[in-house]
Amino acid sequence: MAGAFAAHGDSRAFGDEPIKFLRMKPGHGEVLLAEGDPRVREEEERLVEEFRLQLDEGMWAAVPTTNANSGRREAQMVKAYGDIPQGAERVIFFPRASGG
Amino acid sequence: MLLALLSLALIALVLGTPLIVREVGRLRARRRARRSTAGPLDELHLYDPGRERRAEGRARELLRSCVNEEEWAMYRDLGFIRVAGKHARRDVDRGGSGAPPYAYLVYPHKPIVAFVSGTGKLLSEYCVEFPDLSGESGGRHRLPASDDVLAKWMALTSDEDRVIRRANMHLVGRQLDPARVRRDLWRLAEWERRRNVPQRTK
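Protein sequence lines correspond, in order, to chains Z and V.
Using the numbering used here, the first residue of the first sequence is number 11, and each one after it goes up by one.
Using the numbering used here, the first residue of the second sequence is number 106, and each one after it goes up by one.
Only chain Z is shown next, with the shape it has when bound in the complex (with noise of 0.2 Å):
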């Protein structure tokens, strides 16, 4: 069950809480993605089908953190799902940076 994309570096490490993906949209504000437990296989999976379909399609997500040293807020990039750090409650998505 869990751990079932350990394999192919896919797999987090899991948090008690559920996880969601919010997507940053013009005209919108965020939108909700997706939503669930990463314990739970078919739910996993859903995620990380989610997650590579927006860097599919170009965006770069980011999951709000506070730094342990510091004690601020701060945010870190996911190149992956295996990335996504434990505990994390929501990862954004947003448009990749371009030179204005």
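Don't take each hint at face value.
Partner residues are not named here, just some residues of chain V that face chain Z (Cβ under 8 Å, in silico) [unchecked claim]:
(1) ALA160
(2) ASN173
(3) VAL233
(4) ASP237
(5) LEU248
(6) MET259
(7) THR262
(8) ASP264
(9) ARG271
Covered stretches of chain Z (chain V as the covering partner; in silico rule of three or more C-beta atoms under 8 Å from a C-beta of chain V) [as the list claims (entries may be wrong)]:
(10) 27–38
(11) 77–86
(12) 95–105
No lab work stands behind these hints: they were computed from the structure.
Backbone N, C-alpha and C fix where the C-beta goes; we use that ideal spot for every residue, glycine too.
Starting from the known structure of chain Z, arrange chain V on it as the hints suggest.
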């Protein structure tokens, strides 16, 4: 001579009047045709006055839930956020007050400005956008203002080098008025001084 010119103008006016009348008629017909094909529902789809405002409201809430309390207050009160730079080339830059050697001012839909924290000297502006080109947003490419700030904040706090590499770097003054940025730095200093007064007196 004057009489001759007036006569010529009069003749030109008389000859040109049918052409002008015909063009005006065509324009009116085109406008009527456009109105008849676009029903009231189409007009509603074109413009929803509350949509952008609702999007911005959601974006503000998301921003508030992600950034530090001080940064949120800064954005709410001043309209921009300061993000500390993470690099220091010399040891002397790292030591001392604990303040970062340089920082960025993050404005919505405007370039990021780098400046020296200690002196307020403006370094450069980084033009960067986050255009949504997926085509799922009905032709809109621009994120709400607060989402744009959050995207810059996330990019700078997580991978400063990557976002700076992707940006177009210019001397300050290409898009932003240096005098305005200096004024914003002064406003920021005043804002911090006022915020710190009650804490010191406690």
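Now for the hints, and whether the structure bears them out:
no. : hint   : result
1   : ALA160 : holds, 4 Å
2   : ASN173 : holds, 5 Å
3   : VAL233 : holds, 5 Å
4   : ASP237 : holds, 5 Å
5   : LEU248 : holds, 5 Å
6   : MET259 : holds, 4 Å
7   : THR262 : holds, 4 Å
8   : ASP264 : holds, 5 Å
9   : ARG271 : holds, 5 Å
10  : 27–38  : holds (count 6)
11  : 77–86  : holds (count 5)
12  : 95–105 : holds (count 3)
The structure fails none of the hints (numbered hints given earlier).
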